[in-house]
Amino acid sequence: MANKIVKDLNQGSVTKTMVLFALPLLFSGLIQMLYNTADMIIVGHFVGRDGLGAVSVGGDVLHFLAFAAMGFANAGQVIISQFLGAGMRDKAGKVIGTLFTFLLSTAVILGALTFIFREPVLRWVNAPAEAWDYAVSYVAVCMSGMVFIYGYNIVSAVLRGMGDSRHPFIFVAIAAVLNIILDLLFVVVFKWAIFGVALATVLSQGISFILSIIFLYRHRVDFGFDFRLESFKIDREALAPLLKLGFPMLLQSAAISFSMLYVNRYINSYGVVAAAMNGIGNKVGMIVNIINFSFAAAASPMIGQAIGAEYYSRVPRIIRVSVTINTLISLIMAVVLIIAPRMVFGIFTSDKDVLDMAMTYIPVMMLLLAGSALRPPLSSLINGVGNFKLNFVVGILDGVVIRIGLSMLLGLACGMGIYGFWYGHAIAGFTPFVIGEIYYLSGRWRTRKYIVK
Numbered sequence: 001m002a003n004k005i006v007k008d009l010n011q012g013s014v015t016k017t018m019v020l021f022a023l024p025l026l027f028s029g030l031i032q033m034l035y036n037t038a039d040m041i042i043v044g045h046f047v048g049r050d051g052l053g054a055v056s057v058g059g060d061v062l063h064f065l066a067f068a069a070m071g072f073a074n075a076g077q078v079i080i081s082q083f084l085g086a087g088m089r090d091k092a093g094k095v096i097g098t099l100f101t102f103l104l105s106t107a108v109i110l111g112a113l114t115f116i117f118r119e120p121v122l123r124w125v126n127a128p129a130e131a132w133d134y135a136v137s138y139v140a141v142c143m144s145g146m147v148f149i150y151g152y153n154i155v156s157a158v159l160r161g162m163g164d165s166r167h168p169f170i171f172v173a174i175a176a177v178l179n180i181i182l183d184l185l186f187v188v189v190f191k192w193a194i195f196g197v198a199l200a201t202v203l204s205q206g207i208s209f210i211l212s213i214i215f216l217y218r219h220r221v222d223f224g225f226d227f228r229l230e231s232f233k234i235d236r237e238a239l240a241p242l243l244k245l246g247f248p249m250l251l252q253s254a255a256i257s258f259s260m261l262y263v264n265r266y267i268n269s270y271g272v273v274a275a276a277m278n279g280i281g282n283k284v285g286m287i288v289n290i291i292n293f294s295f296a297a298a299a300s301p302m303i304g305q306a307i308g309a310e311y312y313s314r315v316p317r318i319i320r321v322s323v324t325i326n327t328l329i330s331l332i333m334a335v336v337l338i339i340a341p342r343m344v345f346g347i348f349t350s351d352k353d354v355l356d357m358a359m360t361y362i363p364v365m366m367l368l369l370a371g372s373a374l375r376p377p378l379s380s381l382i383n384g385v386g387n388f389k390l391n392f393v394v395g396i397l398d399g400v401v402i403r404i405g406l407s408m409l410l411g412l413a414c415g416m417g418i419y420g421f422w423y424g425h426a427i428a429g430f431t432p433f434v435i436g437e438i439y440y441l442s443g444r445w446r447t448r449k450y451i452v453k
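Going by the working numbering, the sequence shown opens with residue 1, and the numbers climb by one from there.
Some clues are possibly wrong.
[Claimed, not checked] Have a look at the derived ranges for each label pair, beta carbon to beta carbon:
hint, residue 1, residue 2, range
1, Val221, Glu437, 41 to 49 Å
2, Ile438, Met366, 19 to 27 Å
3, Arg220, Met366, 18 to 26 Å
4, Glu437, Lys244, 19 to 27 Å
5, Gly346, Asp8, 19 to 27 Å
6, Arg342, Gly415, 24 to 32 Å
7, Ala240, Gly405, 33 to 41 Å
8, Trp192, Phe232, 31 to 39 Å
[What the hints assert, rightly or not] Listed next, the in silico SDA-like pairs over lysine to any residue satisfying Cα-Cα at most 20 Å (straight line):
hint, residue 1, residue 2
9, Lys233, Phe102
10, Lys91, Val221
11, Lys352, Leu243
12, Lys91, Phe227
13, Lys352, Glu130
14, Lys389, Ala254
15, Lys233, Lys389
16, Lys244, Ile234
17, Lys16, Leu328
18, Lys389, Ser442
19, Lys16, Thr324
20, Lys91, Arg228
21, Lys91, Ser231
22, Lys191, Val202
23, Lys352, Ile362
24, Lys91, Asp8
25, Lys233, Arg220
26, Lys91, Leu243
27, Lys233, Ile213
28, Lys91, Ala309
29, Lys91, Lys233
30, Lys16, Arg314
31, Lys352, Tyr419
32, Lys91, Ala240
33, Lys233, Asp90
34, Lys244, Met88
It is worth saying that the hints were derived from the structure and are not from the lab. Glycine is no exception: its CB is placed at the ideal position from the N, C-alpha and C atoms.
Please build the complete structure, drawing on both the sequences and the hints.
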């Protein structure tokens, strides 16, 4: 059974291993994108642009909080993969218990605080007046499911760190199918509008998380974690590397997410059409990001296991394959957007004002697609080797210095308005690539002290 769940990613062709490992992640991402975009499509056609604005603004708040889970979950994945590569499965089990206890406690606290202060938070992000009531309802309901969002990230990190990308796909597929069914039931049949969309999201994620926990429990011997109550404690030995790597990842994610939230608050100030267009643009970009980040998510544990086994010559091949695949994906989407832009954006809305603004957004999308091709593979190197300091530097430069600074410069100082904020956001996405490329070419990743040493 262990051989079916826990996999050695250091064996075989890099391309074949990456593609086979990435495919379930890719399908997971595409299905996740499907139910995220299903929300937007159903809201756009059955609630209207006010609903689109609410989901866009409320989604920004939700994503900001989710980044905290992703930061520590990714750290846990790196540590687990390195321990596995070094043959230290008992230590990996302690990391799993610590990760569950620490992150689920964090989810309860953040969810409660955001629920209590949801209106001040939405005022800060400039939620459009037309979408205010919807946005308040959306955030309130989604906060009740914060534990499920964090929990799914934990389970996925554990499985990917162990070399299993198939089961995260299964669990997200379950959530996606349930979400779409419940969206149609609550919004189209029951007419619950945005409340129904949020409730569908929470219920589908909750059921998927519970099923994933049952799966982990049934395979607890394979994972080296017994699921006893006393095992759900914060182990000091496991917490040290988790915090050492997780906090910089958290700060990196928080800085980038906060910068997006900060830039979006200015975009939202241009009205509900701008907020709706921003949300649709993010969903279109998400299509490529999910595909490209699936291969990056495959590359990270591959690099982690190669590092743990001191198989350094495999790392450059992993990065080259990831860059090549990502570039091809971005080029395909760029061609589709150039040939049929109204068809793509028209999937989400039939509102003429929103579609007219979408046509002016296409050059921004070209920059976003280029960044999406180049950024993830180099981020995988930094994450895979566990370079927490560089992660922090990337987050500060990408988020605070470049994204906010350039957006304010172009949007306000240069008088470009909403387009200045869009271009500033797009250009900032190249920062991780530039820093990662310098780090890769320097070769310093070969000589650093790793977590398992």
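To see whether the hints hold, each was checked on the structure:
1. Distance hint check: the CB atoms of Val221 and Glu437 are about 42 Å apart, consistent with the given range 41 to 49 Å.
2. Distance hint check for Ile438 and Met366: the Cβ-Cβ separation is about 24 Å, which falls inside the suggested range of 19 to 27 Å.
3. Distance hint check for Arg220 and Met366: the Cβ-Cβ separation is about 48 Å, which falls outside the suggested range of 18 to 26 Å.
4. Hint check: Glu437 to Lys244, Cβ distance near 25 Å, so the stated range 19 to 27 Å holds.
5. Hint check: Gly346 to Asp8, Cβ distance near 46 Å, so the stated range 19 to 27 Å is violated.
6. The given range of 24 to 32 Å is respected by Arg342 and Gly415, whose C-beta atoms sit roughly 28 Å from each other.
7. Hint check: Ala240 to Gly405, Cβ distance near 34 Å, so the stated range 33 to 41 Å holds.
8. A C-beta distance of roughly 36 Å is found between Trp192 and Phe232, which places it inside the suggested range of 31 to 39 Å.
9. At most 20 Å may separate the alpha-carbon atoms for a hinted pair to count; Lys233 and Phe102 meet this at roughly 8 Å.
10. Under the criterion of a C-alpha separation no larger than 20 Å, the hint pairing Lys91 with Val221 is consistent with the structure, at around 14 Å.
11. Straight-line distance between C-alpha atoms of Lys352 and Leu243 comes to about 49 Å, which puts the hinted pair past the 20 Å bound.
12. Annotation: proposed proximity of Lys91 to Phe227 holds, straight-line Cα distance about 15 Å (limit 20 Å).
13. Between Lys352 and Glu130 the alpha-carbon distance is near 18 Å, which keeps this suggested pair within the 20 Å criterion.
14. Pair hint Lys389 plus Ala254 holds up; C-alpha atoms about 15 Å apart against a cutoff of 20 Å.
15. About 27 Å separates the Cα atoms of Lys233 and Lys389, which puts this hinted pair outside 20 Å; it is violated.
16. In summary, the hint linking Lys244 to Ile234 is supported, as the alpha carbons are separated by about 15 Å, within the 20 Å threshold.
17. About 17 Å separates the Cα atoms of Lys16 and Leu328, which keeps this hinted pair within 20 Å; it holds.
18. As the CA atoms of Lys389 and Ser442 are separated by approximately 16 Å, the hinted pair is consistent with the 20 Å bound.
19. With a CA separation close to 14 Å, the supplied pair Lys16 and Thr324 stays within the 20 Å bound.
20. Restraint check for Lys91 and Arg228: the C-alpha separation of about 16 Å stays at or below 20 Å, so the hint holds.
21. Restraint check: the Cα-Cα separation between Lys91 and Ser231 comes to about 12 Å, which is no more than 20 Å; the hinted pair holds.
22. Of the pairs offered as hints, the one joining Lys191 and Val202 holds, with about 18 Å between alpha carbons and a cut-off of 20 Å not exceeded.
23. As the CA atoms of Lys352 and Ile362 are separated by approximately 16 Å, the hinted pair is consistent with the 20 Å bound.
24. A C-alpha spacing of about 17 Å is found between Lys91 and Asp8, which places the hinted pair at or below 20 Å, so the restraint holds.
25. In summary, the hint linking Lys233 to Arg220 is supported, as the alpha carbons are separated by about 16 Å, within the 20 Å threshold.
26. With a CA separation close to 15 Å, the supplied pair Lys91 and Leu243 stays within the 20 Å bound.
27. About 17 Å separates the Cα atoms of Lys233 and Ile213, which keeps this hinted pair within 20 Å; it holds.
28. Distance hint between Lys91 and Ala309 is fulfilled; the C-alpha atoms sit about 16 Å from each other, no more than 20 Å.
29. With a CA separation close to 14 Å, the supplied pair Lys91 and Lys233 stays within the 20 Å bound.
30. Restraint check for Lys16 and Arg314: the C-alpha separation of about 13 Å stays at or below 20 Å, so the hint holds.
31. For the proposed pair Lys352 and Tyr419, the alpha carbon gap of about 19 Å is at most 20 Å, so the pair holds.
32. For the proposed pair Lys91 and Ala240, the alpha carbon gap of about 12 Å is at most 20 Å, so the pair holds.
33. Note on Lys233 and Asp90: the hinted pairing holds, with a Cα-Cα distance of about 15 Å set against a maximum of 20 Å.
34. About 19 Å separates the Cα atoms of Lys244 and Met88, which keeps this hinted pair within 20 Å; it holds.
Consistency with the previously given hints fails for numbers 3, 5, 11, 15, ordered from lowest to highest.
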